[in-house]
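K.L.:
As you go down the protein sequences, you meet chains A and B in turn. Sequential numbering of the first sequence, starting at 1, is according to this note's numbering. Sequential numbering of the second sequence, starting at 1, is according to this note's numbering.
The hints are simulated quantities; they were obtained by calculation from the structure and are not laboratory data. A few of these clues could be false.
[What the hints assert, rightly or not] Below 27 angstroms or equal to it, Euclidean Cα-Cα: the simulated DSSO-like pairs (lysine-lysine) are:
| no. | chain 1 | residue 1 | chain 2 | residue 2 |
| --- | --- | --- | --- | --- |
| 1 | A | 126 | A | 256 |
| 2 | A | 312 | A | 295 |
| 3 | A | 170 | A | 95 |
| 4 | B | 228 | A | 158 |
| 5 | A | 256 | A | 213 |
| 6 | A | 213 | B | 129 |
| 7 | A | 170 | A | 256 |
| 8 | A | 389 | A | 2 |
| 9 | B | 129 | A | 450 |
| 10 | B | 276 | A | 444 |
| 11 | A | 126 | B | 71 |
| 12 | B | 129 | B | 191 |
| 13 | A | 158 | A | 444 |
| 14 | A | 389 | A | 126 |
| 15 | A | 256 | A | 444 |
| 16 | B | 129 | A | 158 |
| 17 | A | 5 | A | 126 |
| 18 | A | 158 | A | 2 |
| 19 | A | 213 | A | 322 |
| 20 | A | 233 | A | 170 |
| 21 | B | 254 | B | 228 |
| 22 | A | 158 | B | 71 |
| 23 | A | 233 | A | 348 |
| 24 | A | 295 | B | 228 |
Here are the chains, one letter per residue:
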Amino acid sequence: MKLHKQDIIKALQGILPENAVLFEAEDLHPYECDGLSAYRRLPMVVALPDSVEQVQQILGFCYQNDIAVVARGAGTGLSGGALPDEQGVLLSLAKFNQVLEVDSEARQARVQPGVRNLAISQAVNKHGLYYAPDPSSQIACTIGGNVAENSGGVHCLKYGLTVHNIQQLKIVTIEGELLTIGGSGLDSAGYDLLALMTGSEGMLGVIVEVTVKLLPIPERAQVMLAAFDDVVKAGAAVGNIIAAGIIPAGLEMMDKLAIRAAEDFVHAGYPVDAQAILLCELDGSNSEVSEHILKVRAILQNSGATEVRTAKTDEERLTFWKGRKAAFPAVGRISPDYYCMDGTIPRKRLPEVLKNIADLSEEYGLAVANVFHAGDGNLHPLILYDANKPGELERTEEFGGKILELCVAVGGTITGEHGVGIEKINQMCVQFESAELIQFHAVKNAFDVKGLLNPGKAVPTLHRCAEFGAMHVHHGELRFPDLERF
Amino acid sequence: MTDNDISKDLQQQVAQALSSRTALNIQAGNSKQFYGRAASGDVLDVSTHRGVINYEPTELVITARAGTPLKELEQLLADNNQMFGFEPPAFGDSATIGGTVACNFSGPRRAFAGSARDFVLGSTIINGKAEQLHFGGEVMKNVAGYDVSRLMCGALGTLGVLLEVSIKVLPRPETELTLVQELDTNASLAKVHELARQSLPVSATCFDGHRLHIRLSGAEAGVAAARKLLGGDTLPANDNFWHKLKEQQLEFFKSGGDLWRLSLASNGPNLGLNGKTLYEWNGAQRWLIGDDRADVIRDRAARHGGHATCFRSQHDTEQVFHPLDGGLLAIHRQLKRAFDPEAIFNPGRMYAEI
Ligand SMILES: Cc1cc2nc3c(=O)[nH]c(=O)nc-3n(C[C@H](O)[C@H](O)[C@H](O)COP(=O)(O)OP(=O)(O)OC[C@H]3O[C@@H](n4cnc5c(N)ncnc54)[C@H](O)[C@@H]3O)c2cc1C
């Protein structure tokens with residue numbers, strides 16, 4: 001028999017201190033959405049544990065009583081992954097905010113899941129080390145959320161995503177069991193559960209501890225800014241740098257609208273007349289960086305850059321980056337609302353994808369600012385809209401959906417780093433066949449047979465796909481018929 | 001390069017095995033037969049499923065059929081001035097890319113660039129329901145769905161038949177050289193840890209009991225500067241030390257006895273085990289040839305958060321891989337069932353229970 005809300009609250013209060021269980025509407029509001037604020041709903045109750053034992057007890061209780069559980073870090077996710085379940089417990093990991101141990105010799109840090117991404121680098125800075133993945137949200141987002149989303153950052157071209165930079169997790173299963181996944185070394189026995197957990201969006205277990213790998217702070221980092229009068233040329237320049245055998249630490253691109261918004265916001269000195277800019281960061285030992293700068297400068301010039309600047313001081317380097325890192329909020333200033341997309345494509349398809357996005361933008365009458373992790377083909381088109389105009393959000397979502405389907409059509413994916421969550425659940429039906437979705441559900445069952453962890457997220461039911469397909473495919477017509485299929 | 005697609009055929013064989021509940025022993029080059037528990041079942045031969053499906057150097061990715069010989073792929077990459085970043089050991093000319101990924105075998109560069117699993121971007125598999133499934137892709141970043149492709153790495157074929165894999169590749173370093181110094185164990189390990197905390201172009205380290213080898217790779221100027229800083233003798237370019245190391249052809253590997261692979265924190269202590277030890281990956285991978293009992297070796301490794309694999313043995317070993325404790329074993333069983341409900345793929349090759 002299903003428990004009533006009052007019984008659930010009471011049970012949680014038996015596990016947690018009184019102020020760590022929230023259930024009044026006003027206390028629940030801060031948890032109603034994550035960074036994707038278009039979707040909102042209140043959880044039944046919020047639990048704020050501060051020990052692993054408490055998490056085990058809460059999950060054990062929810063398992064016994066068939067209560068849904070949604071884990072939440074900082075709530076900066078952009079796909080509605082931490083969107084609460086109205087009939088469930090929202091499990092906030094916010095109180096797990098301690099760096100537990102730093103082993104500077106082995107270059108590892110053991111941290112609690114609620115530690116903010118940037119706080120790790122700050123805590124180990126005195127050892128000359130840092131944690132490489134650096135999402136733009138790094139001042140706020142938590143390492144637990146990073147693992148759950150397999151987050152990336154501007155430096156993941158060279159240093160990899162979260163999955164490449166962690167080596168052990170402690171998780172609590174929905175049954176309340178504590179498991180250690182990974183180990184002190186670079187691999188562990190059995191299946192690679194560490195990879196499976198990374199990016200699993202809170203569907204398989206609750207992460208209660210993360211051991212991250214640390215890297216030495218490079219002796220030198222230098223950033224170059226190149227301006228282009230044509231986005232296609234900028235895209236080609238990216239390929240030319242890679243073809244020369246150089247893997248920059250970061251290689252980012254912004255289009256005209258994004259450049260202007262960022263410039264107005266942070267005054268980074270960006271060339272506002274350019275159609276596109278590339279930011280290329282090179283790091284490593286002093287001599288290596290010197291050598292690569294000369295090469296990259298020549299490549300950029302040969303690729304048709306109208307201007308190439310090299311940051312002369314570390315201050316200037318940070319200013320160059322500031323505009324890029326603030327691109328989302330900058331766009332937020334020029335439009336009442338914006339919707340951030342996250343597809344990845346093979347880099348060489350960039351020109352045609354950009355052209356298609358521009359065409360769609362015209363068709364929908366909605367402007368788009370483009371920000372890319374260009375080095376690895378991860379696009380963040382930001383659709384500008386006004387939620388107060390009736391129907392505009394729906395149009396935006398439809399437009400966004402088309403961009404994602406476009407990414408799939410050119411051999412890419414619907415999400416590079418923000419996750420599926422609730423937002424891209426329909427597009428999962430476009431990217432995967434039924435048998436593949438069934439396989440995903442089987443994986444989920446291996447961990448959570450009752451389907452209590454983050455229900456309704458990440459993997460659509462076949463039923464949902466059938467509905468989506470029915471309303472979506474018109475007369476069996478293929479979308480983007482002019483594109484070569486994969 | 002041979003181009004031959006037998007995926008339909010393989011799928012049919014799996015379907016047949018499924019209907020008759022016959023176990024399948026997935027085999028390609030058969031170069032890694034020595035690894036893992038004894039294989040059983042009818043051979044499912046993947047070796048003729050060959051060819052490169054897509055390779056675009058500027059996209060830094062190659063997609064190939066699982067039976068494609070590793071050697072051919074490495075040659076193709078070299079022709080384009082690229083390489084597999086995980087420097088896979090082959091253990092024989094017949095080694096294939098599928099087998100390499102299934103074993104997650106990674107060589108000297110692993111601690112500095114990543115393992116096979118780190119470079120795998122996507123895969124096509126046949127699961128235990130005889131369905132062809134595709135996960136991941138050819139792009140660098142992809143978080144749509146669970147990371148099944150990486151789960152296949154090191155699963156020894158127990159979760160599915162690999163048909164195709166997409167792997168991120170890297171440019172070859174402009175220049176490379178190896179420095180050698182005579183040092184004892186403690187001094188060697190202290191040295192590699194000191195180096196690991198600086199931004200130096202180190203791409204491999206190995207201490208063989210007498211000498212510390214350090215490989216530098218990268219831009220000319222960076223390598224030259226690091227060489228000056230580190231000192232020591234430079235190995236002749238044709239020495240092939242790292243190749244012999246990864247293929248286990250160094251003197252160290254030639255003595256008899258079981259060969260154990262220990263994986264633990266790079267600064268994990270000396271485990272005080274009998275025999276001789278060779279250290280790679282800054283100390284995170286240790287090869288041990290000695291005569292301690294398996295449970296003693298495992299216990300010592302586990303005590304420091306690591307694990308021990310009986311990598312090569314003269315006799316059939318019941319337990320090759322580190323035993324899994326209760327909760328983890330349960331998840332393994334359930335995952336096995338999720339991919340291979342009738343347990344037809346390589347049963348018992350990894351653990352008796354899966
Ligand atoms: C301005 C802005 C910029 C951004 N830039 C980037 C970027 O550059 N790169 C990038 O990758 N992302 C970026 N993001 C997205 C977001 O910051 C990341 O996805 C981040 O990892 C989410 O962390 P969080 O702590 O906020 O997680 P939440 O939003 O709280 O949760 C995200 C998901 O993880 C699950 N989860 C959280 N904690 C746990 C846990 N302990 N155990 C199990 N599951 C858990 C939740 O259930 C949910 O499904 C950006 C977001 C914003 C708002």
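K.L.:
Run the structure past the numbered hints and jot down the numbers of the failing ones, going up.
P.N.:
1, 5, 6, 7, 8, 10, 11, 12, 13, 14, 15, 16, 17, 18, 20 and 21
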